[in-house]
Amino acid sequence: MSSRPEVSPVLLVQVPPPPPRIEAAAAPAGGAGPGRIVPLWKRLGIPFWLAVGWIVLVAVLAITASILPLQNPDVGNFSALSQGPSAAHWFGTDDLGRDLMSRVIFGSRVSLIVGFAAAFLGTVIGGALGIAAGYLRSATEGVIMLIMDAIISFPSLVMLIALTTFLGKNLVNITGAIALVTVPVLARLARGSTLSVAKRPFILAARSAGATNFRVMWREIVPNVLPPLISLGLVIVAVAIVAEGALSFLGFSIPPPTPTWGNIIASGENDLSTAPQIVFAPAAVMFVTVFAFSIAGDRLRRIGELQSGGI
Amino acid sequence: MRANFGRRALRLLLVLLLVSFATFAMVRLLPGDPARAFLGPSAPESAVLAIRRQLGLNQALPVAYIHWLGRVLYGNLGTSYQTGQAVTQALAQRLPISAELVIGAELVALTLAIPLSLVSAYRADGLVDRSVSGISFATIAVPGFVLALVLIFIFPVRFGLLQVSGFTYLSQSIPGNIQSVTLPVLTLALPLAAVYTRVLRADLVEVLREDYIAMARARGVPTWRILLIHAFKPASLSLLTLAGLNIGQLLSGAVIVEQIFALPGIGSLLIGAILAKDIFVLQGVVLVITVTFVVANLLVDLLYSLIDPRIRRVLTA
Amino acid sequence: MSTAGAERVGAAAGNDGAPGDRLLEIQNLRTYLKTSRGVVRAVDGVSLELRPGTTLGLVGESGCGKSMLLRSILGLLPRRSVERQGRILFEGQDLLSLPPSRLRRILGRDIGYVAQDPMTSLNPVLKVGQQVGETLRCHYGVSRSKARAEALELLQSVGIPEAERRLDQYPHQLSGGMRQRVSIAAALACHPKLLLADEPTTALDVTVQAQVLELLSRLARERSMAMILVTHDLGVVAGRTEQIAVMYAGQVVELSPTSDLFGNIQMPYTEALFKSIPRLSDVPHHRLVSIPGRPPDLRMQPTGCRFASRCTYTQPQCLTDAPALTEPGTSGHAYACWFPLGLQPEDPPADSAAPTGAPVGPARPARRQ
Numbered sequence: 145m146s147s148r149p150e151v152s153p154v155l156l157v158q159v160p161p162p163p164p165r166i167e168a169a170a171a172p173a174g175g176a177g178p179g180r181i182v183p184l185w186k187r188l189g190i191p192f193w194l195a196v197g198w199i200v201l202v203a204v205l206a207i208t209a210s211i212l213p214l215q216n217p218d219v220g221n222f223s224a225l226s227q228g229p230s231a232a233h234w235f236g237t238d239d240l241g242r243d244l245m246s247r248v249i250f251g252s253r254v255s256l257i258v259g260f261a262a263a264f265l266g267t268v269i270g271g272a273l274g275i276a277a278g279y280l281r282s283a284t285e286g287v288i289m290l291i292m293d294a295i296i297s298f299p300s301l302v303m304l305i306a307l308t309t310f311l312g313k314n315l316v317n318i319t320g321a322i323a324l325v326t327v328p329v330l331a332r333l334a335r336g337s338t339l340s341v342a343k344r345p346f347i348l349a350a351r352s353a354g355a356t357n358f359r360v361m362w363r364e365i366v367p368n369v370l371p372p373l374i375s376l377g378l379v380i381v382a383v384a385i386v387a388e389g390a391l392s393f394l395g396f397s398i399p400p401p402t403p404t405w406g407n408i409i410a411s412g413e414n415d416l417s418t419a420p421q422i423v424f425a426p427a428a429v430m431f432v433t434v435f436a437f438s439i440a441g442d443r444l445r446r447i448g449e450l451q452s453g454g455i
Numbered sequence: 120m121r122a123n124f125g126r127r128a129l130r131l132l133l134v135l136l137l138v139s140f141a142t143f144a145m146v147r148l149l150p151g152d153p154a155r156a157f158l159g160p161s162a163p164e165s166a167v168l169a170i171r172r173q174l175g176l177n178q179a180l181p182v183a184y185i186h187w188l189g190r191v192l193y194g195n196l197g198t199s200y201q202t203g204q205a206v207t208q209a210l211a212q213r214l215p216i217s218a219e220l221v222i223g224a225e226l227v228a229l230t231l232a233i234p235l236s237l238v239s240a241y242r243a244d245g246l247v248d249r250s251v252s253g254i255s256f257a258t259i260a261v262p263g264f265v266l267a268l269v270l271i272f273i274f275p276v277r278f279g280l281l282q283v284s285g286f287t288y289l290s291q292s293i294p295g296n297i298q299s300v301t302l303p304v305l306t307l308a309l310p311l312a313a314v315y316t317r318v319l320r321a322d323l324v325e326v327l328r329e330d331y332i333a334m335a336r337a338r339g340v341p342t343w344r345i346l347l348i349h350a351f352k353p354a355s356l357s358l359l360t361l362a363g364l365n366i367g368q369l370l371s372g373a374v375i376v377e378q379i380f381a382l383p384g385i386g387s388l389l390i391g392a393i394l395a396k397d398i399f400v401l402q403g404v405v406l407v408i409t410v411t412f413v414v415a416n417l418l419v420d421l422l423y424s425l426i427d428p429r430i431r432r433v434l435t436a
Numbered sequence: 584m585s586t587a588g589a590e591r592v593g594a595a596a597g598n599d600g601a602p603g604d605r606l607l608e609i610q611n612l613r614t615y616l617k618t619s620r621g622v623v624r625a626v627d628g629v630s631l632e633l634r635p636g637t638t639l640g641l642v643g644e645s646g647c648g649k650s651m652l653l654r655s656i657l658g659l660l661p662r663r664s665v666e667r668q669g670r671i672l673f674e675g676q677d678l679l680s681l682p683p684s685r686l687r688r689i690l691g692r693d694i695g696y697v698a699q700d701p702m703t704s705l706n707p708v709l710k711v712g713q714q715v716g717e718t719l720r721c722h723y724g725v726s727r728s729k730a731r732a733e734a735l736e737l738l739q740s741v742g743i744p745e746a747e748r749r750l751d752q753y754p755h756q757l758s759g760g761m762r763q764r765v766s767i768a769a770a771l772a773c774h775p776k777l778l779l780a781d782e783p784t785t786a787l788d789v790t791v792q793a794q795v796l797e798l799l800s801r802l803a804r805e806r807s808m809a810m811i812l813v814t815h816d817l818g819v820v821a822g823r824t825e826q827i828a829v830m831y832a833g834q835v836v837e838l839s840p841t842s843d844l845f846g847n848i849q850m851p852y853t854e855a856l857f858k859s860i861p862r863l864s865d866v867p868h869h870r871l872v873s874i875p876g877r878p879p880d881l882r883m884q885p886t887g888c889r890f891a892s893r894c895t896y897t898q899p900q901c902l903t904d905a906p907a908l909t910e911p912g913t914s915g916h917a918y919a920c921w922f923p924l925g926l927q928p929e930d931p932p933a934d935s936a937a938p939t940g941a942p943v944g945p946a947r948p949a950r951r952q
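Protein chains in written order, with my numbering: chain A, 145 to 455; chain B, 120 to 436; chain C, 584 to 952.
Hints in this document: simulated from the structure, not taken from any laboratory.
C-beta atoms are modelled at their ideal positions from N, C-alpha and C, and glycine is treated no differently.
Worth double-checking, as some hints may not be accurate.
One side only, chain C facing chain B, incomplete, derived with CB under 10 Å [stated by the list, open to error]:
| # | residue |
| --- | --- |
| 1 | Arg687 |
| 2 | Ser704 |
| 3 | Leu705 |
| 4 | Thr718 |
| 5 | Val725 |
| 6 | Ser726 |
| 7 | Cys773 |
| 8 | His774 |
| 9 | Gln794 |
| 10 | Glu797 |
| 11 | Leu798 |
| 12 | Tyr896 |
| 13 | Thr909 |
With beta-carbon atoms standing in for the labels, derived distance ranges [unchecked claim]:
| # | chain 1 | residue 1 | chain 2 | residue 2 | range |
| --- | --- | --- | --- | --- | --- |
| 14 | A | Pro213 | B | Leu289 | 33 to 41 Å |
| 15 | A | Leu212 | B | Leu425 | 55 to 63 Å |
| 16 | A | Asp218 | B | Ala128 | 37 to 45 Å |
Calculated Cβ distances over 10 Å to all of chain B for the following chain A residues [stated by the list, open to error]:
| # | residue |
| --- | --- |
| 17 | Val182 |
| 18 | Val196 |
| 19 | Val202 |
| 20 | Gln215 |
| 21 | Leu265 |
| 22 | Ala294 |
| 23 | Val341 |
| 24 | Phe346 |
Turn these sequences into a full structure, and let the hints guide you.
Here's what the structure looks like:
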């Protein structure tokens with residue numbers, strides 16, 4: 145019926161719905177001559193590159209954590225329990241005297257792996273289902289979208305907790321569960337884009353030239369649907385990181401002693417008054433990371449909308 | 120309109136069935152035997168069998184599901200095998216608290232979001248607009264459980280405000296209850312307000328560019344009236360959708376908040392039920408959340424046509 | 584719609600009125616839009632006068648600045664990107680320097696505005712009666728029921744059948760012509776002294792256009808209301824105005840009492856507009872006359888006459904010096920042209936003057952809904 149804004153099913157995080165075509169129409173209509181060509185990297189703007197810089201930094205630290213001169217994240221120093229930030233411990237220590245910076249960096253591994261993997265899986269599956277639904281229409285579309293609706297209506301946190309509890313709290317299950325929850329949002333977007341692409345003449349041309357359905361979807365539709373899907377995918381990485389964090393915080397993700405942002409935060413919950421750094425060190429890093437993914441995704445989406453001839 | 124609405128309702132009913140069946144199947148098909156886990160490894164086989172029978176685990180999955188469904192139609196959601204309490208009773212105890220959180224969060228979020236977006240949109244790209252937009256974007260990126268801890272840190276820990284021990288029911292004491300729910304409600308409301316502000320502001324900016332707004336200004340209609348009456352109504356459709364759809368998700372999001380603030384809502388009931396595979400309790404909670412979601416969806420559709428007369432025409436056509 | 588023949592010659596003839604009897608006086612108005620691609624001089628030094636109860640026709644092609652002129656008067660342009668200079672005196676008050684709150688008290692009460700497209704100029708989610716009555720409620724604070732009663736009367740006066748029922752309908756339930764009548768009713772609610780009508784019939788069906796124009800003329804006459812009627816069609820203003828101002832590229836290029844203009848067109852652009860009116864006397868399948876080329880880019884600062892590049896009579900002087908709007912006689916007929924037509928035959932055979940360029944005519948086809 146009407147275009148409803150998409151709401152991410154995961155926990156408290158909503159995918160910010162596209163603020164429709166603000167920038168493009170802002171200038172009073174004054175002759176549509178060819179604009180100056182600004183390189184893409186410049187149009188993305190400073191916030192985008194700051195966000196990307198942060199993501200790269202966190203990723204590099206996570207990958208190289210074991211060869212970095214960090215203190216052992218699992219071994220506590222009993223002479224330095226619950227200390228605030230200092231030269232020796234930049235983020236301070238936790239209640240067992242473990243170095244928080246080291247724990248946060250090691251903890252980022254789980255968040256990033258789950259975030260990227262779940263978003264990737266969700267994008268691939270959701271994209272495929274959405275394209276199939278939007279291109280094949282009829283019964284295929286009906287069944288796929290009904291299932292998507294069911295997943296969206298299913299309380300997502302319940303599904304996540306149940307799946308990880310019953311199947312076991314390991315990376316694969318957690319990633320799979322979060323991916324499952326994100327699929328409908330991505331599928332809806334993919335379906336929507338497919339519907340608008342499929343009306344364009346080159347699709348008709350390809351079909352009348354005898355291309356198979358699969359070939360049309362793969363060669364003609366996927367390249368057109370991919371850009372919006374990828375920008376939403378980036379936002380979904382943020383959503384997945386939050387979801388993992390929440391699961392972890394509640395004790396339904398990778399259990400301690402393996403550090404995750406969520407379980408570090410949970411471990412500091414009771415020491416909030418005496419050692420707030422245990423909560424706020426991982427929380428701050430997590431916030432900036434989530435923020436970075438949202439900014440990057442949002443920026444890409446806007447650029448994409450402007451390029452695809454948003455009025 | 121009736122036909123269209125009927126189709127939607129039917130589809131949502133189908134969704135409801137799918138969801139409840141999925142819950143059933145999930146508990147049944149995923150590994151782990153609840154009866155054995157509950158009774159411990161040394162319990163006699165007969166006791167285990169009794170619980171298995173009570174949970175319908177001795178029946179084939181579709182049969183068990185149909186049985187459950189049949190009872191639900193008569194308002195019987197089953198009993199918890201752990202506590203022996205009827206699920207309807209457990210829900211009746213705990214749902215009001217979760218509902219209070221959700222409704223409170225929606226109200227607070229709308230109270231914050233509507234004036235903020237009106238001010239932002241009136242001077243789009245002005246200082247206020249930019250700050251509001253930046254703050255709301257950042258707020259959205261704060262995970263709910265982190266926000267809860269930030270609020271706890273600021274209010275009770277730092278300033279000794281709103282310290283809470285135990286939960287005070289609304290029926291016991293209104294001020295006490297407000298004290299109990301303020302921080303949980305804020306935790307849910309702030310990110311929500313941020314999302315609402317972004318959506319409503321964007322729609323308002325678009326509407327304010329319409330011809331009919333210029334016409335109203337040309338008739339000397341005062342600014343407040345243009346914003347509140349001419350622009351707000353047509354711009355409120357997306358907000359309405361979000362607010363409606365969020366009710367279901369908020370109920371599910373309330374689980375975390377209830378956990379952190381130790382509120383006796385459906386959250387702890389739910390987590391307990393999942394851990395113990397207490398299938399009827401789990402089904403009951405999921406059912407409540409999904410039904411809320413579905414009903415909210417339908418209500419949004421109805422409200423849509425009330426706000427925008429053009430949709431009424433589309434639906435009747 | 585045929586040629587000259589002003590119906591109300593008398594009203595416009597006496598041009599020697601006292602200076603005090605001007606309702607609206609625009610002095611050297613410049614409206615510049617700042618865009619990312621340069622400054623658009625949408626209105627570039629326009630001066631006009633309007634006496635109470637008279638009608639001025641403002642004619643020109645699309646993009647010549649007519650609508651911008653109206654919107655400048657009403658202050659409807661975005662403050663940040665638009666610069667307005669000059670003076671717009673309404674009953675002696677300069678609308679340009681009036682604070683917004685004072686301006687708001689004049690808009691709707693003393694000045695009414697009817698926009699081009701009734702599809703977009705009425706709020707889709709408010710009832711017709713509400714929108715018509717709102718003007719009254721905002722300016723006179725009348726009660727809801729009083730406003731409703733007045734709205735009913737207004738709807739009847741603009742010729743809406745079943746007005747009672749229409750009050751509670753939404754704009755989308757009305758036809759284009761009806762909606763435009765509603766717009767007019769809303770604009771007239773407070774009995775304004777001046778009505779600004781911006782191509783009020785362009786978006787309507789051809790059959791409805793004449794009715795709406797007739798309605799406007801009748802209402803203006805009955806209420807002795809002054810009116811600026813903007814159109815791209817000289818034929819529309821021929822019988823309905825006392826004065827005609829022809830605009831081109833943001834400037835007034837010919838200004839004349841209607842009674843004098845049609846027999847005595849001076850400016851080649853006006854002539855071109857005039858010739859592009861289809862006539863009943865034309866032979867069937869006769870090719871419509873159009874003005875070659877396009878209006879100039881309003882971002883450029885041209886030297887010479889702005890119409891020179893499209894004018895059939897261009898001389899070297901036209902390309903170097905800009906002619907000013909001057910009134911050689913005392914008839915009130917002013918024009919901006921170095922080589923006015925003056926002695927040209929009134930209606931030369933269209934074919935000889937019709938160039939074979941791309942037909943970019945000013946007469947846009949009426950939009951159908």
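Against the structure, the hints come out as follows:
1. The beta carbon of Arg687 of chain C comes within 5 Å of a beta carbon in chain B, closer than 10 Å, and the hint placing it at the interface holds.
2. A least Cβ separation of about 5 Å between Ser704 of chain C and chain B falls short of the 10 Å threshold, and the interface hint therefore holds.
3. For Leu705 of chain C, the interface hint holds, the least distance from its beta-carbon to any beta-carbon of chain B being 6 Å, beneath 10 Å.
4. A hinted interface residue such as Thr718 of chain C counts as satisfied when its beta carbon comes closer than 10 Å to some beta carbon of chain B; here the least separation is about 5 Å, so the hint holds.
5. Because the beta carbon of Val725 of chain C sits about 14 Å from the nearest beta carbon in chain B, more than 10 Å, this interface hint is broken.
6. Restraint check, Ser726 of chain C versus chain B: the minimum CB separation of about 16 Å is more than 10 Å; hint violated.
7. With a cut of 10 Å, the hint placing Cys773 of chain C at the interface with chain B holds, because the nearest CB-to-CB distance is about 8 Å.
8. A least Cβ separation of about 13 Å between His774 of chain C and chain B goes past the 10 Å threshold, and the interface hint is therefore violated.
9. Nearest Cβ of chain B to the Cβ of Gln794 of chain C: about 21 Å, over the 10 Å cut. The hint is violated.
10. About 23 Å separates the beta-carbon of Glu797 of chain C from the nearest beta-carbon of chain B, more than 10 Å, and the hint is not met.
11. Annotation: interface hint on Leu798 of chain C violated; nearest CB of chain B at approximately 18 Å, more than 10 Å.
12. For Tyr896 of chain C, the suggested interface contact is broken, since its CB lies about 39 Å from the closest CB of chain B, more than 10 Å.
13. At its closest, the beta carbon of Thr909 of chain C sits 34 Å from a beta carbon of chain B; the interface hint therefore is violated under the 10 Å criterion.
14. Remark: the range hint 33 to 41 Å for Pro213 of chain A to Leu289 of chain B is contradicted by a beta-carbon distance near 56 Å.
15. Between Leu212 of chain A and Leu425 of chain B the beta carbons are some 60 Å apart, a value that agrees with the proposed interval 55 to 63 Å.
16. Checked against the hint of 37 to 45 Å, the pair Asp218 of chain A and Ala128 of chain B fails, with Cβ atoms roughly 55 Å apart.
17. Distance check on Val182 of chain A: its Cβ is at least 19 Å (rounded) from any Cβ of chain B, clearing the 10 Å threshold; non-interface status holds.
18. With a minimum CB-CB distance of about 16 Å to chain B, Val196 of chain A clears the 10 Å threshold, and the non-interface call stands.
19. Here Val202 of chain A stays apart from chain B, with its beta-carbon at least about 14 Å from theirs, past the 10 Å limit.
20. Even its closest Cβ contact with chain B, about 25 Å, leaves Gln215 of chain A beyond 10 Å, as expected for a residue assigned away from the interface.
21. Against chain B, the non-interface label of Leu265 of chain A holds: every CB pair exceeds 10 Å, the least being about 19 Å.
22. At the 10 Å boundary, the C-beta of Ala294 of chain A falls inside the reach of chain B, the nearest C-beta of that chain being 4 Å off.
23. Listed as outside the interface, Val341 of chain A is consistent with that label: its C-beta sits roughly 24 Å from the nearest C-beta of chain B, beyond the 10 Å cut-off.
24. At the 10 Å boundary, the C-beta of Phe346 of chain A stays outside the reach of chain B, the nearest C-beta of that chain being 31 Å off.
This entry does not satisfy hints 5, 6, 8, 9, 10, 11, 12, 13, 14, 16 and 22, going by the numbered hints stated previously.
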